[in-house]
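Peer 1: Given next are the chains, with one letter for each unit.
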Amino acid sequence: MNLFGTFGQLFAIALALVLAPLLTGWVNLCRAWLQNRSAPPLLQPYYMLHKLFLKDVVLAHGASHLFRFAPFVVFGCMALACAIIPTLSTDLPLAPAADTIALVGVFGLARIFISLAAMDIGTAFGSLGGRREMLVGFLAEPALLMVIFTTAMISQSTSVATIVETLAHRDFVIYPSLAFAGIAFTFVSFAENARVPVDNPATHLELTMIHEAMILEYSGRHLALIEWAASLKLYAYSCLGLALFFPWGIAEGASVFGLLLAIPALVAKLAIGGVLLAGIETLNAKVRIFRAPEFLGTAFLFAVLGLLVRLLLESRV
Amino acid sequence: MRFFGEPIEFEKQAGIGSPAWRGRADDGEALQAFAVAVHRNGGRLAALWGEDRRKGGEGFRLHVAFGLDMGHAWLGLDLPAAHPAYPDLAGIFPAANRMQRATRDLVGIATDGGDQRPWLRHGAWPADWFPLRHDAGGGRDFTNRPSDYDFVQVGGEGAHEIPVGPIHAGIIEPGHFRFSVIGERLLRLEQRLGYQHKGVEKLFIGMNPADGARLVGRISGDSTCAYAWAYASAVEAACGISPPPRGLLLRALMLERERVANHLGDLGALGNDAALAFGFSQFMRLKEDWLRLNGKIFGHRFMMDRIVPGGTALDLEAPALAAIVEQGDAVGREVKELKKIYDEHAGLQDRFLTTGTIDADLARELSLSGVAARATGLILDARVHRQGYTPPAPWAMLGVRPATDERGDVAARAAVRFAEIFESLRLLRELAVGLPDSELRVEVPPVPGGSGLGVIEGWRGEVLVGVAFDDDGKLARVHPHDPSWQAWPALEHAVMKDIVPDFPLINKSFNLSYSGADL
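Protein chains in written order, with this note's numbering: chain S, 283 to 599; chain X, 150 to 668.
Don't read these hints as lab results, they were simulated from the structure. Just so we're clear, the structure is a prediction, and the values are computed from it rather than from any experiment. Fair warning: there could be bad hints in the mix.
[What the hints assert, rightly or not] Computed far set for chain S versus chain X, every beta-carbon distance over 10 Å:
hint : residue
1    : T448
2    : W530
3    : G531
4    : K568
5    : F572
[Claimed, not checked] To give an idea of the chain S side of the interface with chain X (calculated C-beta under 8 Å), a few residues:
hint : residue
6    : S320
7    : D338
8    : L341
9    : H343
10   : A345
11   : V478
12   : T490
13   : V569
[As the list claims (entries may be wrong)] Counterexamples of contact, computed for chain X against chain S with all Cβ distances above 12 Å:
hint : residue
14   : P168
15   : G206
16   : E207
17   : L217
18   : E339
19   : N421
20   : G428
21   : R434
22   : H449
23   : H494
24   : D499
25   : P585
26   : G598
27   : K657
Positions of the beta carbon are idealized from the N, C-alpha and C atoms, including for glycine.
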């Protein structure tokens, strides 16, 4: 671990914390444009966080320590995830601490805590949301693991940094397995980030919500942390997708120049990704909740196909 | 005239409004026998309300309006002041249940059996005080006691309840829904309404007919034209006057504009509830343009107070009529386009199809009317010719084509709305082009002691208003009846085979009024 690496790591985390709400704001902006609505300001998520941090927390009667503790755990998990994923540089001192499988575990940990917190207060909606979240989660996680295995087989390592380095360094070869894995990853990202067609981030319908149903009872700084964590999750998934499938532009080794070049590359990639996300969300209706397993089953199938293609066709590449 | 061989003698009410016959039942048994005969012959329970007539030395009167093939049979049953009780009709017409309970809460005449839970009374006033009795007084000094309500419990392994509302996550009217579920599957839905009870019927008592017209237009803002026309029609029947042709056609024009505005909004909201925000913003844009033109040419976006007893309160000039025709053409083109998108959107159709199904038999059994009934295949529209029924002026000459769909699901209700928009646009064009020259309104003479019934096919369904005058020509009793009374219980049935997350969509496909039924 060197000084530059430590600095790079801290900078990446800080950038994640700053950029994540911006990404959410950008997606909302694009959605509004695509739906012929007048858009909220790009910085709306920051205003929102500012407002929520200033507000008092209202706690439900009977809320246990878990309920108060969960937002910090969730936020911590998402910040850690952003630290592990090579957003700017592959020279990450924290990267050896956790590989991709641990990364899935970090997401899982956050999910468990938020679901438990949702059930903690005992309202019908909390339990409803927690139950649905677990349904989506336990179908999404295997698919995500399969995607990661496919990329790990290409680079012979489960470390995210190594995977990205390998993929970025290779001669330009088209991997059919990566195409399948990419489709599966997109599906999983939509489900995991509570986007249409699995969940509706802008929902006002308490009976159909998944993510929003779980956080109905949160307020003040707790809610701010959860909202921020949700933004970080979207950012983490976007960056993971970009790192795995479009790794170009990510700095390698200790170079200030590389790091500086990586920032505009990342922002540009995220901006394009945000437009695509908003486009897909606008074109789709939400599926019936019992179709969500089908949706994620398809994702798993694609991920397995990617793995098989890798094993059968590309093993000598 | 007699119906179904029952001994009750009926007499057709005056006026050119919706055909209605009035009769008097001698006792509860005669009422019950008549109800059975109506049910056997495929009729509906249209409305049920009570009236306190003790001021004139009589007792109470129960009013029951039945929907028959040829029109409405309006039956009165006089009850003694001492023990006003009548036989429970809910066994014959399930729709009677809530109306009977509301009548007991407000007037204090109860059934001699059946469901005795309160309906509109939520503990805001004591059980032995009845606001619609003339000796009830103001009664604003009661302390509000939260009341317990006996929901039907569902037991068994894994069954649990989800209480929703009356305060919701979105900005909608208040209502409580108690879902009994296993996992996501709905076993039972029980509604509790009445949170919007504001004493409208009490407010009517002693009003001038003209003030009554203003109040009736504010019962359910989305149906203000339907209510105003139904009320005007009831007053005109009581007076025996007929509005002039131009006034009548202008009313039809306003009613159809109201229908289109609401259907546009509903279709957008249906898209929104399936998270297809594109549909929402497109339909909302159309609706907003529509309402803006209303505001421009009628001076009010919802056209409140433009329909008055005797005719209409405003005239349209040629440029306004031209604007209506032009907008109708533009909207028709756009809706056609949007219909294609809705029809071909796989994700949306997957949410719509087979969701929230009711069939024609159930619709008939529940006395359903309006869009929800027509979406089960019933041709039930007060504007439309059907066997044995001739619609009143001006519909008879317009030749309205009914929009029906036999699937009975959310998709069917959406399809009926689309079809009705196109039909209304056609009617609007005909109305705007062929508006005759005549007076707008006639004078409404005072009619001490008169009464009348008005029925109008609003966008949601059949809006019915019963009016009775006192000896001074003031309003003694006005009962506005929203189609939601019958449709709310239908919603309870429609969700039965579905899952919790589909409820908002099913609910939206009915889009029922809380305010109109809570009064």
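Peer 1: Would you mind marking each hint as holding or not holding in the structure?
Peer 2: Right, here's what the structure says about each hint:
Against the 10 Å criterion, S:T448 stays outside the reach of chain X, whose nearest CB is about 38 Å from its own CB. For S:W530, the shortest C-beta to C-beta distance to chain X comes to about 33 Å, beyond the 10 Å cut-off, and the non-interface label holds. No Cβ of chain X comes within 10 Å of the Cβ of S:G531; the nearest lies about 33 Å off, and the non-interface call holds. Under the 10 Å C-beta cut-off, the non-interface status given to S:K568 relative to chain X is violated; the minimum distance is some 4 Å.
For S:F572, the non-interface assignment is contradicted: its Cβ lies about 7 Å from the closest Cβ of chain X, within the 10 Å cut-off. This hint is violated: S:S320 has a C-beta 10 Å from the nearest C-beta of chain X, more than the 8 Å allowed. Proximity of S:D338 to chain X is violated relative to the hint, the smallest CB-CB distance being about 20 Å (cut-off 8 Å). The restraint placing S:L341 at the interface with chain X is violated, with a minimum CB-CB distance near 19 Å, outside the 8 Å limit.
Hint on S:H343 is violated. Least Cβ distance to chain X is approximately 16 Å, over the 8 Å limit. Taking 8 Å as the C-beta cut-off, the interface hint given for S:A345 is violated, the closest approach to chain X being about 19 Å. Contact between S:V478 and chain X, as hinted, is supported at the beta carbon level, the nearest pair being about 5 Å apart and thus within 8 Å. The restraint placing S:T490 at the interface with chain X holds, with a minimum CB-CB distance near 4 Å, inside the 8 Å limit.
A cut of 8 Å between beta carbons decides the hint on S:V569: the least distance to chain X is about 6 Å, and the hint holds. At the 12 Å boundary, the C-beta of X:P168 stays outside the reach of chain S, the nearest C-beta of that chain being 42 Å off. The claim that X:G206 lies off the interface holds: its Cβ sits roughly 53 Å from the closest Cβ of chain S, which is beyond the 12 Å cut-off. Chain S leaves X:E207 outside its interface by the beta-carbon criterion, the shortest separation being 49 Å against a cut-off of 12 Å.
For X:L217, the requirement that its beta carbon stay farther than 12 Å from each beta carbon of chain S is met, with the minimum near 39 Å. Every Cβ of chain S is farther than 12 Å from the Cβ of X:E339; the closest lies at roughly 15 Å, confirming the non-interface assignment. Interface exclusion of X:N421 from chain S breaks down, the closest Cβ pair being 9 Å apart, not more than 12 Å. The Cβ of X:G428 does not lie farther than 12 Å from every Cβ of chain S; its closest approach is about 9 Å, which violates its non-interface assignment.
Not every Cβ of chain S is farther than 12 Å from the Cβ of X:R434; the closest lies at roughly 7 Å, contradicting the non-interface assignment. Its beta-carbon lying about 26 Å from the closest one in chain S, X:H449 satisfies the requirement of being farther than 12 Å from that chain. At the 12 Å boundary, the C-beta of X:H494 falls inside the reach of chain S, the nearest C-beta of that chain being 6 Å off. Taking the minimum C-beta to C-beta distance to chain S, about 7 Å, the non-interface status of X:D499 is violated against the 12 Å cut.
The beta carbon of X:P585 sits about 41 Å from the closest Cβ of chain S, which is more than 12 Å, so the claim that it is off the interface holds. Every CB of chain S lies more than 12 Å from the CB of X:G598, the least distance being 50 Å, so the non-interface label holds. With a cut of 12 Å on Cβ distances, X:K657 falls inside the contact zone with chain S, its closest approach being about 9 Å.
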